[in-house]
Amino acid sequence: MSSLGFEQFPDYQVPGVKHPDFSPYESNGGSIVAIAGDDFVVIAADTRLSSGYNIHSRNQSKLFKLSPKTVLGSTGCWADTLSLTGLMKVRMQSYEHTHLRTMTTDAVAQMLSITMYNRRFFPYYVSNILAGIDKDGKGVVYSYDPIGHCERATYRAGGSAGTLLQPVLDNQIGHKNINLPAGELPPLTKERAVAVASDTFISAAERDIYTGDSVLINVITKDGIEEKVLQLRQD
Amino acid sequence: MFRNQYDSDVTVWSPQGRLHQVEYAMEAVKLGTATVGLKNRDTAVLVALCKPASELSASQRKIIPIDDHLGISIAGITADARVLSKYLRAECLNYKHSYDFTYPVTRLITNLGNKMQTTTQRYDRRPYGVGLLVAGYDEKGPHIYQVTPSATFFNCKANSIGSRSQSARTYLDRNLNSFLDCSKDDIICHGINAILGTLPTDEHQSRDTPSQYSITVAIVGKNQPFKILSEEENAKYLEWAKARGAPADPRRPGDDDDDDNRPSTSDDPDAGPRDPQVAVATEER
Amino acid sequence: MLNNYNGMAQPLWQNGPAPGEFYNFTGGQTVQKLPRELTTAGPYGTKRSTAAITTGSSVLGIRYDGGVMLAADTLVSYGSLARYQNIDRVFKINKNILLGGSGDFADIQSIMRNIDQKMIEDQCYDDNIEMKPKSLASWMTRVLYNRRSRMNPLYIDVVVGGVEQNGTPYLANVDLRGRAYEDFVVATGFARHLAVPLVRENKPKDKEFTAEEASQLIRKCMEVLYYRDTRNSSTYTVGVCTPNGCGVEGPYQVNENWTFAATIKGY
Chain A
1 MSSLGFEQFP
11 DYQVPGVKHP
21 DFSPYESNGG
31 SIVAIAGDDF
41 VVIAADTRLS
51 SGYNIHSRNQ
61 SKLFKLSPKT
71 VLGSTGCWAD
81 TLSLTGLMKV
91 RMQSYEHTHL
101 RTMTTDAVAQ
111 MLSITMYNRR
121 FFPYYVSNIL
131 AGIDKDGKGV
141 VYSYDPIGHC
151 ERATYRAGGS
161 AGTLLQPVLD
171 NQIGHKNINL
181 PAGELPPLTK
191 ERAVAVASDT
201 FISAAERDIY
211 TGDSVLINVI
221 TKDGIEEKVL
231 QLRQD
Chain B
1 MFRNQYDSDV
11 TVWSPQGRLH
21 QVEYAMEAVK
31 LGTATVGLKN
41 RDTAVLVALC
51 KPASELSASQ
61 RKIIPIDDHL
71 GISIAGITAD
81 ARVLSKYLRA
91 ECLNYKHSYD
101 FTYPVTRLIT
111 NLGNKMQTTT
121 QRYDRRPYGV
131 GLLVAGYDEK
141 GPHIYQVTPS
151 ATFFNCKANS
161 IGSRSQSART
171 YLDRNLNSFL
181 DCSKDDIICH
191 GINAILGTLP
201 TDEHQSRDTP
211 SQYSITVAIV
221 GKNQPFKILS
231 EEENAKYLEW
241 AKARGAPADP
251 RRPGDDDDDD
261 NRPSTSDDPD
271 AGPRDPQVAV
281 ATEER
Chain C
1 MLNNYNGMAQ
11 PLWQNGPAPG
21 EFYNFTGGQT
31 VQKLPRELTT
41 AGPYGTKRST
51 AAITTGSSVL
61 GIRYDGGVML
71 AADTLVSYGS
81 LARYQNIDRV
91 FKINKNILLG
101 GSGDFADIQS
111 IMRNIDQKMI
121 EDQCYDDNIE
131 MKPKSLASWM
141 TRVLYNRRSR
151 MNPLYIDVVV
161 GGVEQNGTPY
171 LANVDLRGRA
181 YEDFVVATGF
191 ARHLAVPLVR
201 ENKPKDKEFT
211 AEEASQLIRK
221 CMEVLYYRDT
231 RNSSTYTVGV
241 CTPNGCGVEG
251 PYQVNENWTF
261 AATIKGY
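Chains as they are written, first to last, in full-length UniProt numbering: chain A, 1 to 235; chain B, 1 to 285; chain C, 1 to 267.
Bear in mind the hints are in silico, worked out from the structure with no lab data behind them. One or more hints might be untrue.
[Stated by the list, open to error] Using 16 Å as the maximum straight-line C-alpha spacing, the simulated EDC-like pairs for lysine to aspartate or glutamate come out as follows: (1) K86(B) with E96(A); (2) K236(B) with D185(B); (3) K140(B) with D122(C).
[What the hints assert, rightly or not] If you anchor each label on the Cβ, the simulated ranges turn out as follows: (4) D9(B) with T115(A): 40 to 50 Å; (5) E212(C) with A195(A): 36 to 46 Å; (6) A90(B) with K138(A): 28 to 38 Å; (7) S203(A) with E231(B): 44 to 54 Å; (8) T104(A) with T168(C): 34 to 44 Å; (9) S98(B) with Q123(C): 17 to 27 Å; (10) D185(B) with E249(C): 45 to 55 Å; (11) Q5(B) with N146(C): 52 to 62 Å; (12) A195(A) with T110(B): 52 to 62 Å; (13) P43(C) with S98(B): 32 to 42 Å; (14) K65(A) with N146(C): 21 to 31 Å; (15) I114(A) with Q5(B): 50 to 60 Å; (16) N244(C) with A58(B): 49 to 59 Å; (17) A90(B) with E256(C): 52 to 62 Å.
[Stated by the list, open to error] Listed next, the stretches of chain A that the computed footprint assigns to chain C, with coverage defined by at least 3 CB atoms under 8 Å from CB atoms of chain C: (18) 53-63; (19) 77-84.
Since the model is a prediction, treat every value here as computed from it, not as a measurement. Backbone N, C-alpha and C define an ideal beta-carbon position, used for all residues, glycine too.
So here's chain A without its partners, still in its complex pose:
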């Protein structure tokens, strides 16, 4: 107060009430894994919504179906996730009305990047992974940082256990650090992608308290989206 020159103004304080600085952000945990194949893409996210040592919900889906060929996985600050996905849905419907066609996965990916960068100096505190079928019918994964950097990939892990899961995917899907001749490497089928995604989550739930309860797996092909559920440990 004295810095403002109002010494005469007493600094009232309510007894027993703390005066923390308000933080607009909160980490609500959750992990995402996405793996793209030739004509399919698998995206999985756990269903735990937490902050600190509280588990708010054990069955909160973090996968947002944006179109019949595109699914967005979003974790981090849940309030930001809700706001961002709400905005994406609005913009996609406007696109559909003006252009008379559904947005392609590549277009959604670009728009998401721009939408995120619009908040460059007050970012959406979220880890996004976008999975879908691109205009050539191939599976594709896009990953983002909170301010909208966008990168096309074939497999990616994100969220609270992203750093735990990515090396596993590098090894199992990217075949990094494997001493096998090319012919003996297992081909990436839909089944194998689902199996690897499931295994990574089971492992992550052992080490990350923000990942657990269950995993929702979406398998996207040109024919539609198939949904699977896998139970994880609940502690």
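Following the hints, complete the assembly by docking chains B and C onto the known chain A.
What follows is chains B and C alone, placed relative to chain A:
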């Protein structure tokens, strides 16, 4: 130059209590090709005739989707319709974004009416020269609304607007009682039969293939997001509609008295205020 | 904003018409103005609240097979002072929505005025369409997220419960940042630590609670909260919402028993 001395401006009253400019705008609706809206217990249907302006051009879009639960069919100045549909879309999107719910049809149309009314009350605006048939579905069931350039709106059981729409209205009037309980397929066929009646007789007979009729059909209803039917579906329904019965009574000679192509400005100055010609049947509320 | 015909044009003078516009014309451009107290600095500069002052503690909501139940005690504290001891914190919004509020009570009253106004608008349409609980929860996330994004949050944590159009129960929590989630049990304040585990433990697998189980759990949880949360009082109200309507019942009294106190030794 002027039809009379009281139509120099929208805001000028005639001694008979009429707003001539607004009435002229109502005439613009009758220049557009016909469109029909009708509903049964849980589906609302729009059928529109979209004749190309010339052999060289493609036909205009007559049915505009607004949201998953709502769409409009237009007759009149297409450019004005685009402005209105942009407004409706923005309202529906805003509502969905804030409330995670579709905009109740009645409320949306009330607000649209309020927006359109302001143009009829100030000298630097002109009324929208387009009539709308709105088909929507919400928790209160299916709705058909007619919106006119005078910003009046009517909640209808069935209606038709546009050129030669009188014969479609006659058809709807005659079959009105069967609409509520008929099936989805039947209600679409009724819509098609109603609109076929608005075709000039020679055109009606000379065309056989469905695409030549250039009919657009859209439906919305319970568990049915607003959808414009494909060419194939159109052909199928057209086939069924034809099998089901003759299209609305072919226009008899001498019937021309009802032709609403006729400008409504009555030559008789004592005719008094003329309410907009409404609706085959309007709902109570 | 409905009739923003000439959005780019600036008014000719303060509150005046823009070029091509008319002063105060029916349905004309309405300039959205924030209240003066929000735009003008006071004698000591502009201040924003950074903490709750008068606070309500927990709210507990449980979803069961035929509806939802919301419970909150009747105390509103001022720091450690039990300042207002007989205040309902569970509100009936309309015939299918209940709202339980905790956090800064002034902010709750403020948002409640907003919500009540919306319900009046709903009635003015006179079309028998009422807001649904999911819509209210969604609107709350938009409002609260907006406030937090302007770094001027409403210090509240609310539970929205009710019954949807098709009769399915709905229960959600929205916090001061606009974070929202649905679940069969949601709670705010200390109930998040004390009541939620109790309720989850009693949840039958693949089956919703019955009304009887839900009310038993509410009674039990309010008792535990009263014993362990120092900002709780022994009276509480319970809101019940079913497809047949909703209402707030009570105040009820926690079934307290302090006879064991005499046996506690060693402090």
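How the hints compare with the structure:
1. K86(B) with E96(A): Distance of about 13 Å is within 16 Å: holds.
2. K236(B) with D185(B): holds (10 Å)
3. K140(B) with D122(C): With a Cα-Cα distance of about 15 Å, the restraint between K140(B) and D122(C) holds, given a limit of 16 Å.
4. D9(B) with T115(A): 40 to 50 Å: 46 Å Cβ-Cβ, so the 40 to 50 Å window holds.
5. E212(C) with A195(A): 36 to 46 Å: Hint holds: Cβ distance 44 Å, inside 36 to 46 Å.
6. A90(B) with K138(A): 28 to 38 Å: holds (35 Å)
7. S203(A) with E231(B): 44 to 54 Å: Cβ of S203(A) to Cβ of E231(B): about 52 Å, so the range 44 to 54 Å holds.
8. T104(A) with T168(C): 34 to 44 Å: This hint holds: roughly 35 Å between Cβ atoms.
9. S98(B) with Q123(C): 17 to 27 Å: For Q123(C) against S98(B), whose Cβ atoms are near 19 Å apart, the range 17 to 27 Å holds.
10. D185(B) with E249(C): 45 to 55 Å: holds (51 Å)
11. Q5(B) with N146(C): 52 to 62 Å: holds (54 Å)
12. A195(A) with T110(B): 52 to 62 Å: holds (55 Å)
13. P43(C) with S98(B): 32 to 42 Å: holds (36 Å)
14. K65(A) with N146(C): 21 to 31 Å: holds (26 Å)
15. I114(A) with Q5(B): 50 to 60 Å: holds (57 Å)
16. N244(C) with A58(B): 49 to 59 Å: Roughly 55 Å apart at Cβ, these two residues keep to the hinted range, so it holds.
17. A90(B) with E256(C): 52 to 62 Å: Cβ of A90(B) to Cβ of E256(C): about 56 Å, so the range 52 to 62 Å holds.
18. 53-63: holds (count 6)
19. 77-84: holds (count 5)
Hint check: no violations occur; every hint is consistent with the structure.
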